[in-house]
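From first to last, the protein sequence lines are chains A, B and C.
Just add 3 to wherever you are in the first sequence, counting from 1, and you've got the working numbering.
Just add 17 to wherever you are in the second sequence, counting from 1, and you've got the working numbering.
Just add 32 to wherever you are in the third sequence, counting from 1, and you've got the working numbering.
Rather than coming from a laboratory, the hints here were simulated on the basis of the structure.
Small disclaimer: the values here were computed from a predicted structure and weren't measured.
All residues carry an ideal CB built from backbone N, CA and C; glycine is no exception.
Warning: the hint list may mix true and false statements.
[Claimed, not checked] The following residues of chain C were derived to be distant from chain B, with all beta-carbon distances above 10 Å:
hint : residue
1    : Phe52
2    : Phe72
3    : Gln73
4    : Ala76
5    : Leu77
6    : Leu80
7    : Val83
8    : Gly90
9    : Ile112
10   : Leu121
11   : Asp129
12   : Pro139
13   : Phe166
14   : Leu169
[What the hints assert, rightly or not] Partner residues aside, some chain B positions facing chain C, computed with beta carbon under 7 Å:
hint : residue
15   : Ile22
16   : Gly77
17   : Ala79
18   : Thr81
19   : Tyr84
20   : Val87
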Amino acid sequence: MRKASAVVLVVIALLFIYAALDLPPTGDHEAPAAVHVSPRYIESAYKETATQNMVCAVLADYRSFDTLGEVIVIVIAGIAIVYIVGVSRPADEI
Amino acid sequence: MMELIQVALLLIQVVCAVIALTSRDLMVAVILFAAFSFCSALLFTMMGAVDVAFTEAIIGTATTVFYVAVIYRVERGSSK
Amino acid sequence: MRKGFGSIILDVGFRHLTPFLILYAVYVLVHGHYGPGGGFQAGALLGLAVVLGRVVQGQDAELGIGLSGGLVLACTGALIFLAIGLASLLWGGNFLDYGVLPIASAPAEARALGILGIEAGVTMGVMGVIIIMFDLLTRRGERE
C-alpha cells in the first residue's frame with residue numbers, strides 16, 4: 004500500500020514538473036497575464052485611488068468585494084470554532 | 018547566483034517537509050514546519066512578492082505559536 | 033492557558049516588547065498605502081501581541097481580551113467593512129465604491145480614505161479570530 008501510494012505521488016510530481024516547464028519565467032513582461040490586465044492597473048491605479056502601493060489598491064479597491072468575502076469567511080470560521088469546540092462548556096463561561 | 022539560492026531553498030523545503038511528515042515527535046514537526054514557512058517567505062521575497070512574503074512570515078509565526086500551545090496539552094510523541 | 037509560563041525574565045521581556053509590537057502593527061496598517069502591509073498583517077500582529085501576553089502571564093494577563101471580547105472584535109470588524117460598503121451605496125454609488133463618499137475633496141482621496149477604513153475593519157476581524165482560536169485551543173478541558 005505504501006509502495007503504491009509512493010508510485011502515484013511520484014507520477015503526479017513528474018506531471019506537475021512537466022506542466023511547470025511551460026510556464027513563463029519569473030518577471031516576463033510578455034506573459035499573457037502581463038499583457039492585458041496589468042498595464043491598465045499600472046497606468047491608472049494612482050490616478051484613481053491616490054494609493055502608491057498597487058497591491059493595496061487592487062486588493063482593497065478594485066477587488067474589494069473579494070476581500071469582503073474573505074473577511075466574512077474568516078469571521079464565520081471563528082464563530083464556527085466557538086460552536087464546535089466550546090459547546091461542551093457551560094454557558095456562563097463563554 | 019539567484020537561481021542557485023532558490024534551488025537550495027527549495028531543496029531545504031523538500032527535506033523539511035519529508036522529515037516533518039515522517040517524524041514521531043510532534044515538536045520536531047512543528048519546528049520543521051516553521052523552517053519550511055520561513056524558506057517559502059524568502060522565496061516569495063526573491064520573486065518580488067513582498068506582500069505575500071510578509072503575510073507568510075506572520076502566519077508562519079502565528080501557526081507555530083498555536084501548535085506549540087496545543088502540543089503542551091496533548092501527548093508529544095506518537096506511541097508507535 | 034490558565035497559568036502561563038511566566039518566569040520573571042519572560043515577564044520583563046514581554047513588558048518591554050509589547051508596546052513596540054503594537055506600534056509596529058499600527059504602522060503596518062497605516063503604511064499599507066505606501067509599502068507592503070495592510071489589514072490582514074496588522075490584525076495578525078495585534079492578535080499575536082494579545083496571545084503573547086496570554087502565553088507569558090496566563091489567564092489574567094494585562095492585555096486580557098477573552099473569548100467574548102474576541103467575538104465582539106471579529107464581528108465588529110466585518111460589520112465596519114459592510115457598513116462602509118453600504119454607505120457608498122447610500123450616497124449614490126455602487127456597493128463598495130468609496131469614491132462617492134463625502135469625506136474628501138477629490139474622489140481619489142476619498143478612495144484612499146475608504147481603503148484605510150476597510151483595512152481597519154479587516155484588522156479587527158483578523159485580530160478577533162486569532163484571539164478566539166488561541167483561547168479555545170488552550171482553555172478547553174482546564175475546568176477544575
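Comparing the hints with the structure gives:
For Phe52/C, the requirement that its beta carbon stay farther than 10 Å from each beta carbon of chain B is met, with the minimum near 15 Å. Remark: the non-interface label on Phe72/C conflicts with the geometry, its nearest Cβ contact in chain B lying 6 Å away (cut-off 10 Å). The beta carbon of Gln73/C is not kept farther than 10 Å from every beta carbon of chain B, the shortest such distance being approximately 5 Å. For Ala76/C, the condition that its CB be more than 10 Å from all CB atoms of chain B is violated, with the nearest at approximately 5 Å.
For Leu77/C, the condition that its CB be more than 10 Å from all CB atoms of chain B is violated, with the nearest at approximately 6 Å. A beta-carbon of chain B is positioned within 10 Å of the beta-carbon of Leu80/C; the least distance is around 6 Å. For Val83/C, the condition that its CB be more than 10 Å from all CB atoms of chain B is violated, with the nearest at approximately 6 Å. No beta-carbon of chain B comes within 10 Å of the beta-carbon of Gly90/C; the shortest separation is about 12 Å.
At roughly 21 Å from the closest C-beta of chain B, the C-beta of Ile112/C stays outside 10 Å, upholding its exclusion from the interface. Once the 10 Å rule is applied to beta carbons, Leu121/C is consistent with being away from chain B; the minimum gap is 29 Å. With a least beta-carbon separation of about 24 Å from chain B, Asp129/C lies farther than 10 Å from that chain, consistent with its non-interface assignment. Once the 10 Å rule is applied to beta carbons, Pro139/C is consistent with being away from chain B; the minimum gap is 25 Å.
The claim that Phe166/C is not at the interface with chain B is violated, since a C-beta of that chain comes within 10 Å of its own (minimum 7 Å). At roughly 5 Å, the least C-beta separation between Leu169/C and chain B is not larger than 10 Å, which violates its mark as non-interface. Annotation: interface hint on Ile22/B violated; nearest CB of chain C at approximately 21 Å, more than 7 Å. For Gly77/B, the interface hint is violated, since its Cβ never comes within 7 Å of a Cβ in chain C; the closest pair sits about 10 Å apart.
Interface hint at Ala79/B: satisfied, since its Cβ lies 6 Å from the closest Cβ of chain C, which is below the 7 Å cut-off. Taking 7 Å as the C-beta contact cut-off toward chain C, the hint placing Thr81/B at the interface is violated, the least distance being around 11 Å. Proximity of Tyr84/B to chain C is violated relative to the hint, the smallest CB-CB distance being about 9 Å (cut-off 7 Å). Interface restraint check for Val87/B: the shortest CB-CB distance to chain C comes to about 5 Å, inside 7 Å, so the restraint holds.
Going down the numbered hints, you'll see the structure goes against 2, 3, 4, 5, 6, 7, 13, 14, 15, 16, 18, 19, while the others check out.
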